[in-house]
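Taken in sequence, the protein lines are chains A and B.
If you use the working numbering, the first sequence corresponds to residues 1 to 312, in order.
If you use the working numbering, the second sequence corresponds to residues 313 to 659, in order.
Calculated from the structure, these hints are not laboratory results.
Treat the hints with care, since some could be wrong.
Stated by the list, open to error - Counterexamples of contact, computed for chain A against chain B with all Cβ distances above 10 Å:
1. 54
2. 78
3. 210
4. 212
5. 218
6. 222
7. 226
8. 231
9. 304
Unchecked claim - Not the full set, but computed from the structure, chain A residues with beta-carbon under 8 Å of chain B:
10. 60
11. 208
12. 215
13. 216
14. 245
15. 307
Said to hold, decoys possible - The following label-pair restraints were derived from C-beta to C-beta distances:
16. 515/B to 225/A: 16 to 22 Å
17. 292/A to 453/B: 44 to 50 Å
18. 249/A to 465/B: 52 to 58 Å
19. 238/A to 406/B: 34 to 40 Å
20. 515/B to 221/A: 35 to 41 Å
All C-beta atoms, glycine included, are put in the ideal place defined by N, C-alpha and C.
One letter stands for each residue in the lines below.
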Amino acid sequence: MWIYFGRRLILAILVVVIAVTLLNAMLHLVPGDPAVMILGPRATPELIEAFRVRMGLDQPFHVQMATFFWRLLQGDMGTDVFTGRSVAAIVLEQLPFTLTLIAVSILWAAALGIPLGCFSAIRRNSLLDKVTGLLSVSVISIPAFVMALYALLIFAVELKWLPAIGAGEGFLDSLEHLILPAFTVGVSWVGYMARIVRASMLEVLGETHVRMARAFGLTERRIVFGYALPIAILPTVTLLGVGVAYLVSAAVFAEVIFARPGVGALIVEAVDSRNYPIVLGCVLVTTALFVLATLVSDLVNALLDPRARESL
Amino acid sequence: MAGAASPPESAAEGSVLEVSGLSLDFGSPRGRIHALRNVSLSVPRGRIVGVVGESGCGKSSLAYAIMGLLAANGEVTDGRLLFEGRDLLKLDQRELRAIRGQRLSMVFQDPMTALNPVRRIGELMTDIQYRSGRSPAEMRRRATEMLERVGIPDAESRLAAYPHHFSGGMRQRICIAMALLVEPALLIADEPTTALDATLEVQIVHLLKNLQRELGCSVLFVSHHLGTVAELCDDVVVMYAGEVVESGPVREIFHRPSHPYTQALFACDPGRIKQATRNLPTIPGELPDLVEPPSGCIFKDRCPERFEPCDRLKPPAYAAGEGHRAACHLLSPCRPLGSGPAGEGAR
Ligand SMILES: Nc1ncnc2c1ncn2[C@@H]1O[C@H](COP(=O)(O)OP(=O)(O)O)[C@@H](O)[C@H]1O
Ligand code: SF4
Ligand SMILES: [Mg+2]
């Protein structure tokens, strides 16, 4: 158990270091100097040089990264180039918006996708199964940003049923503002989950222990929900853990298109202005989120499956 | 102990199960596989009937047909399955479910996959008593008692264990405990020892025999192993390629095997009763194609004694002794002596 957590922690640190370094390297490959961007095209070379030294940009890349992680160890994520505010404060301010969006998207997708998958498996080749299958494939093959654009055009601009942009204020208003983004982020996951739950459900329902349960006259309901689902759900839980990375990218699109605050909107803006400290802070937080999500999915798996629990 | 609620008496004298004229097909891309054709057998009350035959001859299909658990592509096309006087084939799913796990239960071939991996043994064993009206404590007490009876040490604390905590032999004991816990009138055991090693096989067979005596239930014991059948069963049904070729009391079959297929099974199983060999009996040749079963005798392609009528006529079940029947032209009462050019069709 402790060995498991130790190993997970080391792995998590490695993932964070590698991901943050890689992304930062990519950012440096993009042409454009933050000093020039901030100080304007008419800044003197001396001014620019002074600014670069202040930001540590005069240092070689590996020294910059080492400094970043060293400060991070001391709980300092850096300061914003423009405002001088602490990056941690800025990112944490935006984080709840993104977390809410991801959580709501995944929850509604799971609440719909898992039962759909179950029933498609039980009533195989029924109308429900066929419609679900067709819709799943169509929805999965539409990119999230296309979905977001269309949703925006249809429901907000054309029909005016729902607000188009912003996050709203107060609970009800926020909820209303959440509907379209959460719909676009979650909708392809309904399809994914329905397909995966269906496939693993069909597999489990064909296993001998299910036949044995039937041989003992257990009710179909008991068999499906008590005997098969806890096993059939395991691949979906793993998928969800890994899928949080994709959800973050879908959330970025949604935040940009719906002009919502959030880490996604923040990162796009920061990349645009070569605001390295903010970009690093966002990447750090989303990577940590990803690591956390896989950990949670492992723990949920362990909760459901005694074999996984004991191998922890 | 078994049969506390007196079931409707069977029409046939004291038979728990009467299979008559059972035929079933499996749909397949190549056409319909006629897996069972006109199979008849009966399981008398309190007796153990063995079903033997090579792998692929339809033993499991028979067991699943009785349980009503055929694969989705399987379909019974003809026959009757009289269980305690009621035709199982005429019951709907709800009525069948009322019988399964109360009057009828089953032990599967592979104990490694038969138990749900995410439920504790105690849960599995109380789940199956859900219709008994007993309190949870009482259900657990009975489960513990039955586990002790099948030889699980420290049974009470093992209720909290998961199936993967047990070895294959122990898991099969648990499966047997579950199957007998519901006090069935008939237990179907589909090769319960095939997945186990030889010493375990002997132990499980003795366990089954003792428990059957104590509980007084009937058993339909499926095996491809004659030695095991000899040890355990009262009656034997020999199946070949989806047909019953010989049936009768165990000592009749063992002292006077009358069908060439049964004789071939013996020839391939020299250890016969005592030595439990792991190897499948191998007889030269292959099972016929069940999509288009050959006309005449089903065994003719591999039969060393094939003679003139075997190609044309399907042999009926001739009497071969006391309660002993075999479907072979050699037993025809009107067969002139020495007319069979033996070995013609044999290899
Ligand atoms: N679900 C199925 N679909 C198609 N064919 C099957 C199916 N189950 C069994 N069969 C065929 O039916 C025949 C009998 O199989 P089975 O009852 O499993 O034999 P046994 O238990 O004696 O080994 C075999 O030819 C097998 O290939
Ligand atoms: S009927 Fe003919 S072919 Fe069939 S078993 Fe008897 S002798 Fe052999
Ligand atoms: Mg079989």
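Verification of the supplied hints:
no.: 1; hint: 54; verdict: holds (58 Å)
no.: 2; hint: 78; verdict: holds (46 Å)
no.: 3; hint: 210; verdict: violated (8 Å)
no.: 4; hint: 212; verdict: violated (5 Å)
no.: 5; hint: 218; verdict: violated (6 Å)
no.: 6; hint: 222; verdict: violated (7 Å)
no.: 7; hint: 226; verdict: violated (8 Å)
no.: 8; hint: 231; verdict: violated (6 Å)
no.: 9; hint: 304; verdict: violated (7 Å)
no.: 10; hint: 60; verdict: violated (53 Å)
no.: 11; hint: 208; verdict: holds (4 Å)
no.: 12; hint: 215; verdict: holds (4 Å)
no.: 13; hint: 216; verdict: holds (4 Å)
no.: 14; hint: 245; verdict: violated (28 Å)
no.: 15; hint: 307; verdict: holds (6 Å)
no.: 16; hint: 515/B to 225/A: 16 to 22 Å; verdict: violated (37 Å)
no.: 17; hint: 292/A to 453/B: 44 to 50 Å; verdict: holds (45 Å)
no.: 18; hint: 249/A to 465/B: 52 to 58 Å; verdict: holds (55 Å)
no.: 19; hint: 238/A to 406/B: 34 to 40 Å; verdict: holds (37 Å)
no.: 20; hint: 515/B to 221/A: 35 to 41 Å; verdict: holds (37 Å)
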